[in-house]
Amino acid sequence: AQTVTQSQPEMSVQEAETVTLSCTYDTSESDYYLFWYKQPPSRQMILVIRQEAYKQQNATENRFSVNFQKAAKSFSLKISDSQLGDAAMYFCAYSPGNQFYFGTGTSLTVIP
Amino acid sequence: NAGVTQTPKFQVLKTGQSMTLQCAQDMNHNSMYWYRQDPGMGLRLIYYSASEGTTDKGEVPNGYNVSRLNKREFSLRLESAAPSQTSVYFCASSLLRRETQYFGPGTRLLVL
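Here the protein sequences line up with chains D and E, keeping their order. Numbering follows this note's numbering, in which position 47 of the first sequence is assigned residue number 37; successive positions increment by one, without gaps. Numbering follows this note's numbering, in which position 97 of the second sequence is assigned residue number 1108; successive positions increment by one, without gaps.
No lab work stands behind these hints, which were simulated from the structure alone. Since the structure is predicted, the reported quantities are computational estimates derived from the model, not experimental observations. Be careful, since some hints might not be right.
[Unchecked claim] Chain D side only, calculated, beta carbon under 10 Å to chain E, not exhaustive: (1) I36; (2) F90; (3) Y91.
[Said to hold, decoys possible] A few chain E positions that, by computed beta-carbon distances, are all more than 10 Å from chain D: (4) Q1022; (5) V1023; (6) G1027; (7) N1076; (8) R1079; (9) S1086; (10) P1094; (11) T1097; (12) V1122.
Think of the CB as a built atom: it goes at the ideal place given N, C-alpha and C, for glycine as much as any other residue.
Put together the whole structure using the sequences plus the hints.
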């Protein structure tokens, strides 16, 4: 079975500080994609960052970066210089082919 | 360029009633997906269409049917709604399988 686990239901961070959200996944595949999506209160799902499993280099998008550990099946998201607008639910997702599998999400609070 | 659109935004049904959720994308994407989102459970895939003319079951297909009407449109039908189908439904599309998914704004469905 393909599963994605986000072990932190809730996290908080002070504005301008750094926070790391954890994600692990279970797979027997060697080629797949990993994603982090953000869902603010508006409910709109927004892509934050994407990582192809065949790439060893960790993906980076401005203040967002990942720590991809393929052997450990770990895919954490680091948010640097946290801003109030970063407050949202964050979902980790895994796709080996046609289907996508999402974790249960981490609710991030940003404290002014 | 509207991206992914969904109608309706909100619907109340009585148990046993039927309805169709509509989804359309204008990005010329090949793959389309239907998810449901329930509290504490993340997003779960109901059905997907990897390309025009094909549909396949996802993780939770029971009680639903889909139609890939053309490349742009992918509808989800509830033939006999049940309270367990109360949820928020998201449609998504991607250019190719495993690629980044773009989501619609969601449909809140309440089944009484």
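Hints and how they fare:
no.	hint	verdict
1	I36	8 Å, holds
2	F90	6 Å, holds
3	Y91	8 Å, holds
4	Q1022	15 Å, holds
5	V1023	18 Å, holds
6	G1027	28 Å, holds
7	N1076	18 Å, holds
8	R1079	13 Å, holds
9	S1086	19 Å, holds
10	P1094	21 Å, holds
11	T1097	16 Å, holds
12	V1122	19 Å, holds
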